[in-house]
Amino acid sequence: MPAFVVKADRDQLVIDQLTAAFGADILSHERIADMLVINTTKNVLHQVAQHCKEQLDFNFLTTMCGMHYSERDTLGLVMHLQSMRKGHRIRLKAEVPLKEPVFPTFTDLWDTANWMEREAWDFFGIQFSGHPNLKRILNMEDFPAFPLRKDYPLEDPTREDKDDSMFGR
Amino acid sequence: MSKAIVKPDYWQHDMVQSGEHKELTTLNLGPTHPATHGIFQNVLTLDGEVIQSAEQTIGYIHRAFEKLAERRPFYQIAPLTDRMNYCSAPINNMGWHMTVEKLCGIETPKRVDYLRIIVMELARIADHVICNSVIGVDTGALTGFTYIFQQREAIYEIFEEICGARLTTNMGRIGGFERNFNEAAWAKLRQFIKVFPGKLQEFENLLVRNRIFMDRTINCGPFSAERALSYGFTGPNLRACGVDYDVRVADPYCSYNDLDFIIPVGESGDTYDRFMVRSQEMKESLSMIRQCVEKLDKMPDKKTFSADVPEWVLPPKEEVYNEMEALIYHFKMVMGESNVPVGEVYHCVEGANGELGFYLVSDGGRTPARLHFRRPCFIYYQAYPEMIKGSMLSDAILTMSSMNVIAGELDA
Chain A
0 MPAFVVKADR DQLVIDQLTA AFGADILSHE RIADMLVINT TKNVLHQVAQ HCKEQLDFNF
60 LTTMCGMHYS ERDTLGLVMH LQSMRKGHRI RLKAEVPLKE PVFPTFTDLW DTANWMEREA
120 WDFFGIQFSG HPNLKRILNM EDFPAFPLRK DYPLEDPTRE DKDDSMFGR
Chain B
0 MSKAIVKPDY WQHDMVQSGE HKELTTLNLG PTHPATHGIF QNVLTLDGEV IQSAEQTIGY
60 IHRAFEKLAE RRPFYQIAPL TDRMNYCSAP INNMGWHMTV EKLCGIETPK RVDYLRIIVM
120 ELARIADHVI CNSVIGVDTG ALTGFTYIFQ QREAIYEIFE EICGARLTTN MGRIGGFERN
180 FNEAAWAKLR QFIKVFPGKL QEFENLLVRN RIFMDRTINC GPFSAERALS YGFTGPNLRA
240 CGVDYDVRVA DPYCSYNDLD FIIPVGESGD TYDRFMVRSQ EMKESLSMIR QCVEKLDKMP
300 DKKTFSADVP EWVLPPKEEV YNEMEALIYH FKMVMGESNV PVGEVYHCVE GANGELGFYL
360 VSDGGRTPAR LHFRRPCFIY YQAYPEMIKG SMLSDAILTM SSMNVIAGEL DA
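Read top to bottom, the protein sequences are chains A and B. Numbering of the first sequence is given in numbering that gives the first Met the number 0, commencing with residue 0 and proceeding in unit increments. Numbering of the second sequence is given in numbering that gives the first Met the number 0, commencing with residue 0 and proceeding in unit increments.
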């Protein structure tokens, strides 16, 4: 990818290369606000990330987080990749069914994925096959739930003195 | 040789058993320990005084900010961000406001941008002052700490004039500030600009070319650029390894591209380099503040302190009491009913210890559908075992304090 291309063309180059390499597994791509978002499937997410890292110069995993789409009963993984040399960022997304939430680990590409994956496991229950040490990170180890899922209540459900129906979501 | 000298084998007989097998010591460093400056637990395995491995436990002050944010209107999330990196809370506040502004497409006037830069750079100086002086304390030099801490006090007094709070500031609002800077704030700011360079020099004179300090910090906890990038380092820690990545330059926000500044970088990524990078950054920050003050002095407009977005900026009280529209906006805002578009944005600012990112997903509701904080501490602290492996226990303490790990940000 030449360094002098303007932002929109740069996005187009990434789209072209990824669709050429992965075809129908690149489900969709769009530009939301200032960033290119690529939706892909869980089967190829690791390969897409690897392709981005090795071929497209996205050397830096900025952040990775879990998502819960309660309306579709799926869990998602959102990765922000960054090419420091080009000053270019993209977002990769993939979803897995809630019943079988397994992604391959990304620790082989970036060491920093280690804790990010543990966080996604801790809060969403997303498993990462091949992760060296997949256990809870911020919550206590015997915590009974995955608290950032939408069905986990924020308020203590046993309280009756507080009526929040007018507030919050 | 005198017979009185005891052979090492004798006094170590219960440590060294046979052949290469050694008995290792397990040491619990933390969770609360005066040298860790926060609640971090590290279970160290030591061979004598040399660290073989470390296992970290984090999450002691986890407060579930990401979950809490899903139940709060957008303007009520700013106080949560205060409590992440509480040493430089205004940067977090401004980062959050800018994220919402990006989502809603709000353009802020130049004057607001410059005021924000002043506040953010003051916060950066305050943060670096703490980190650098604490590196001094951990090497045994308490004097510098006691001197330079007065300057942090001066910065907090400026914050107090601007927003009324000192540590957890909740400064600014979506769209700008809650009020204009008052005369006292400007006076204190100008005084600070005048006094600080001398005080910083005084502090540096105590440490920078100090033989004891140099021996203690050079080659202590070094880290290579490749490993740092793989571990997601950002901020001064990455720049100390020799990578000139700074969000203020790579992804300019808030009119940083109007200013003239350099990014200091180190070479070997050791404690001394991290110290020097921060030290130099403070000077750059001060120069940015000076440039902003000059630009603001030249501006004819002295009144604007927020963008013209009545949906987000609270109207003055007298208007609320006397005008229908102002009352409606006031009510709408306080109840968290300001309209937010559906969408998702990632916005990052250069926090005092790295790239602080906010990934905000909105479904058009009154609260975020999902908010993820990219906390620089959380991401780079996982490299700590690798950094201290094979070094002495006392170097491990120094490495941690020079990494500027803030417990509040680590655990969110």
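Hints should not be assumed to be uniformly reliable.
[To be verified] Take a look, some chain A residues computed to stay more than 12 Å from chain B by CB distance:
#, residue
1, Q46
2, H67
3, D110
[To be verified] If you want the footprint, here are the derived chain A segments under chain B, 3+ residues with CB under 8 Å:
#, stretch
4, 10-24
5, 94-103
[To be verified] Covered by chain B, per the in silico footprint, the following chain A stretches (three or more residues, Cβ under 8 Å):
#, stretch
6, 31-42
7, 48-55
8, 138-147
Everything labelled a hint here was simulated from the structure, so no lab data went into it. Glycine included, each C-beta is placed from N, C-alpha and C at the ideal position.
Violated constraints from the hint list, given by number and in increasing order
2, 3, 4, 5 and 7
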